[in-house]
Amino acid sequence: MKHFLSINDIDSLPNWVNEARSLKKNPHNHKALGAEKTIGLLFFNNSLRTRLSTQKAAMNLGMEVMVMNFGNEGWALEYADGTIMDQGASEHIKEAAQVVSQYCDIIGIRAFASLNDKAKDEAEVVLNGFKKYATVPIVNMESSVGHPLQAFTDAITLAENTSKVNPKVVLSWAPHPKALPHAVANSFIQMMQMQEVDFVITHPKGYELDPNITKGVRVEYNQRKACENADFIYVKNWSSYSNYGMVLNQDPQWMITKAKLGNAKFMHCLPVRRNVIVEDEVLDSDQSLVIEQANNRTFAAQLVLKKMLENLK
Amino acid sequence: MKHFLSINDIDSLPNWVNEARSLKKNPHNHKALGAEKTIGLLFFNNSLRTRLSTQKAAMNLGMEVMVMNFGNEGWALEYADGTIMDQGASEHIKEAAQVVSQYCDIIGIRAFASLNDKAKDEAEVVLNGFKKYATVPIVNMESSVGHPLQAFTDAITLAENTSKVNPKVVLSWAPHPKALPHAVANSFIQMMQMQEVDFVITHPKGYELDPNITKGVRVEYNQRKACENADFIYVKNWSSYSNYGMVLNQDPQWMITKAKLGNAKFMHCLPVRRNVIVEDEVLDSDQSLVIEQANNRTFAAQLVLKKMLENLK
Amino acid sequence: MKHFLSINDIDSLPNWVNEARSLKKNPHNHKALGAEKTIGLLFFNNSLRTRLSTQKAAMNLGMEVMVMNFGNEGWALEYADGTIMDQGASEHIKEAAQVVSQYCDIIGIRAFASLNDKAKDEAEVVLNGFKKYATVPIVNMESSVGHPLQAFTDAITLAENTSKVNPKVVLSWAPHPKALPHAVANSFIQMMQMQEVDFVITHPKGYELDPNITKGVRVEYNQRKACENADFIYVKNWSSYSNYGMVLNQDPQWMITKAKLGNAKFMHCLPVRRNVIVEDEVLDSDQSLVIEQANNRTFAAQLVLKKMLENLK
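So the sequences go chain by chain: A, B and C. For the first sequence, the numbering used here assigns the number 1 to the initial residue and increments by one for each residue that follows. For the second sequence, the numbering used here assigns the number 1 to the initial residue and increments by one for each residue that follows. For the third sequence, the numbering used here assigns the number 1 to the initial residue and increments by one for each residue that follows.
Treat the hints with care, since some could be wrong.
Put simply, identical chains are the same to the list, so a pair is met inside one copy or across any two.
To be verified - Calculated pairs, BS3-like style, for lysine-lysine (alpha carbon to alpha carbon, straight line, at most 30 Å):
(1) Lys-307 to Lys-31
(2) Lys-31 to Lys-225
(3) Lys-178 to Lys-132
(4) Lys-164 to Lys-2
(5) Lys-25 to Lys-131
(6) Lys-25 to Lys-132
(7) Lys-313 to Lys-24
(8) Lys-131 to Lys-258
(9) Lys-120 to Lys-313
(10) Lys-258 to Lys-31
(11) Lys-24 to Lys-2
(12) Lys-25 to Lys-178
(13) Lys-225 to Lys-24
(14) Lys-24 to Lys-131
Derived by calculation from the structure, the hints in this document are not laboratory data.
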């Protein structure tokens with residue numbers, strides 16, 4: 001692995017999960033590894049968990065951290081080749097990526113989908129721009145189509161919470177007032193395909209995700225049926241993929257309730273809207289893993305950074 | 001002390017003042033105490049002194065610091081229980097506080113009064129939300145009703161500047177073009193009640209503070225009379241408490257002048273509007289303690305953090 | 001040197017260039033120098049390179065770094081003496097500078113020209129306000145009239161790329177859609193006057209810079225003629241100085257092309273608008289030094305900070 005751009009950059013998920021769980025036990029054991037190394041965290045969108053957990057992961061490894069918000073501290077970048085740059089963008093990704101590479105040993109990038117231009121979102125212009133022109137490793141801190149640090153975190157959390165062979169995992173859509181990206185769902189699905197699990201996706205008609213990602217995965221449009229006998233129910237809203245970026249359905253019947261949960265564990269990447277995505281009774285029960293998921297973000301990021309630092313030596 | 005939420009979390013003010021003055025002499029003597037410990041400073045409002053002095057205090061103790069501005073780097077939080085979160089707020093304080101607790105060993109919170117909803121401000125929803133759900137110690141970096149780090153700073157500054165028994169201390173309101181919170185005045189009054197001082201508050205009629213805080217304290221509506229023979233005049237604007245958040249008076253006669261100051265020392269928490277709150281001649285004189293007050297912010301914060309770190313061991 | 005406010009604060013440019021080139025070879029050799037020292041970087045304007053390279057320089061020296069954006073994290077400051085501060089500004093530079101000096105051993109300031117009030121811009125109110133009232137060394141991270149860290153960087157880059165006696169250096173104006181400050185051009189010209197170079201400035205009529213800065217320097221209005229046989233072409237847009245802050249000309253004929261470049265090296269401080277300031281073919285060629293210039297920003301800043309830290313001992 002040079003870059004960590006998608007869940008496919010993990011060569012062996014079971015090994016990575018084991019290593020991350022070891023790091024969690026002794027997070028400060030590798031402080032020398034990051035000495036005199038700097039990570040730059042570039043935010044094109046807001047962030048709470050990713051911002052703090054990735055900083056924490058880097059500090060646990062002894063790295064220096066520089067955080068920059070492109071919106072209000074920097075300026076708009078141009079990504080297209082050959083443009084006459086006489087409009088809003090002040091700097092081309094070619095220069096920005098090469099320049100930041102000189103100040104940082106690793107660069108983290110967060111740049112969400114616009115949800116109004118599918119082709120542009122799928123081209124991952126920000127992430128791929130940095131990948132193409134940066135001269136140092138890039139970490140995806142959530143891009144247009146993927147959130148692999150979250151998916152890797154979820155794999156750690158699953159492993160911590162079951163020893164069952166072939167557990168049943170459900171990815172359920174739930175309603176939300178705003179149009180949200182597909183990144184978390186996409187990476188979770190890809191990660192599920194690397195595991196021995198009985199996996200099913202459930203969502204209303206019209207919310208089918210990118211068929212290149214869901215191919216071979218069972219989709220069950222009846223949420224109650226999908227959730228029956230589940231061991232884990234992973235919940236996430238996303239906007240329509242076919243009617244790109246549209247909110248087609250806000251049916252509160254799709255909210256996750258204690259009744260639907262049964263004996264399953266509840267997972268969500270957070271932030272979560274209470275009593276819209278999931279009822280209080282679920283989140284406030286012992287079956288909710290969401291706080292531990294957020295905790296595992298640190299160790300997922302820390303393992304990725306540790307592997308990058310080892311490669312830099 | 002688990003949390004530092006109000007001046008009442010100080011068990012012995014004289015001891016704390018002495019300890020903070022020792023720290024001031026040797027600020028780097030406890031660097032090992034904060035090793036591998038992280039403080040998260042969460043700002044829901046702007047800050048200069050609190051931001052920099054609290055960072056500095058933490059770094060003096062060897063801690064790692066993560067700063068986050070909730071306004072432009074994060075999102076709106078929900079504080080009420082049982083809400084259907086289909087409006088502006090993306091995350092509930094229950095999750096936010098628990099999550100941040102996993103990345104930080106101590107959390108600092110700044111969240112001002114709204115000044116338009118007295119009941120909500122007095123409920124201290126942000127600070128108390130973090131107190132309720134966080135699993136780590138919380139430091140109040142100015143909340144709706146109190147600014148105890150400032151009041152503790154002021155106690156240090158008073159101690160440095162007098163050896164007199166029972167000095168006369170005046171808290172004087174002064175005019176300001178905008179509606180300001182009551183937090184600084186409230187905490188100063190509470191701190192005065194822990195000291196052997198001859199304490200008097202002066203303000204125009206209609207600017208009476210919360211009677212639960214001022215009970216037993218002398219109020220003198222004649223500013224000149226209040227200031228006579230004062231040893232310290234502590235100046236601060238606040239908006240009306242009874243006509244909650246209103247600016248009722250901007251009478252420039254209430255500005256502090258050299259004539260009113262007499263031989264007293266001048267104190268103010270800053271930022272201060274020159275020639276509105278106080279005339280240049282006062283601020284530029286040797287009688288002004290405002291710069292040293294700001295300096296003492298570091299050591300007030302450092303003592304609070306030091307005590308919390310000692311508790312964590 | 002106490003402060004680093006302009007290129008004139010460099011006592012011997014050749015020595016500084018040599019020392020910075022040594023630091024570049026061993027950037028972590030002086031980590032003990034900055035131990036227990038803090039730099040505060042105050043941004044009144046956006047920044048990418050300056051923000052990250054100055055942080056990096058400070059961290060290379062073992063310093064702690066505190067970054068503050070005055071726009072969205074702080075408030076407006078007042079600079080005039082004797083003002084009745086009943087308008088937008090909440091705090092006077094007198095207090096702000098003295099206060100920040102107590103939390104920081106060195107303060108860096110970025111505050112651009114307004115481009116609408118020449119007298120105010122030339123008075124350098126922000127930078128000179130900090131210089132006047134701060135009690136610690138000040139570093140200019142680009143002010144109204146100068147960008148000496150950039151000019152020093154450029155001197156390092158020139159030295160790395162020529163061993164020629166008296167190389168020909170051209171400073172060429174190029175078109176840009178927005179009104180830009182004169183700071184980079186001013187400091188570059190002053191730096192050129194400290195060197196043994198054949199120096200010529202070229203720009204359209206109406207774009208003459210401050211005659212106090214350009215006095216004695218050859219100006220050639222024919223860009224092609226100016227560029228003939230150049231060893232280095234340094235390109236920068238600036239707005240009119242006589243019609244202060246106006247964009248008088250956007251003639252694309254002034255863009256730098258491969259044909260105009262000849263065998264010269266291309267320099268620019270970045271960010272640069274491709275195919276407006278300079279065509280892709282130049283930036284993407286081996287003759288472009290812009291990425292190495294950006295890299296040298298770290299070592300220029302690091303030498304300035306190193307000298308300041310040595311003075312503090």
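Tested hints:
no.: 1; hint: Lys-307 to Lys-31; result: both (13 Å within a copy, 26 Å between copies)
no.: 2; hint: Lys-31 to Lys-225; result: neither (48 Å within a copy, 58 Å between copies)
no.: 3; hint: Lys-178 to Lys-132; result: between (32 Å within a copy, 29 Å between copies)
no.: 4; hint: Lys-164 to Lys-2; result: neither (33 Å within a copy, 41 Å between copies)
no.: 5; hint: Lys-25 to Lys-131; result: between (32 Å within a copy, 27 Å between copies)
no.: 6; hint: Lys-25 to Lys-132; result: between (36 Å within a copy, 27 Å between copies)
no.: 7; hint: Lys-313 to Lys-24; result: both (23 Å within a copy, 19 Å between copies)
no.: 8; hint: Lys-131 to Lys-258; result: between (43 Å within a copy, 28 Å between copies)
no.: 9; hint: Lys-120 to Lys-313; result: neither (36 Å within a copy, 51 Å between copies)
no.: 10; hint: Lys-258 to Lys-31; result: neither (43 Å within a copy, 48 Å between copies)
no.: 11; hint: Lys-24 to Lys-2; result: both (23 Å within a copy, 26 Å between copies)
no.: 12; hint: Lys-25 to Lys-178; result: neither (38 Å within a copy, 52 Å between copies)
no.: 13; hint: Lys-225 to Lys-24; result: neither (36 Å within a copy, 64 Å between copies)
no.: 14; hint: Lys-24 to Lys-131; result: both (29 Å within a copy, 26 Å between copies)
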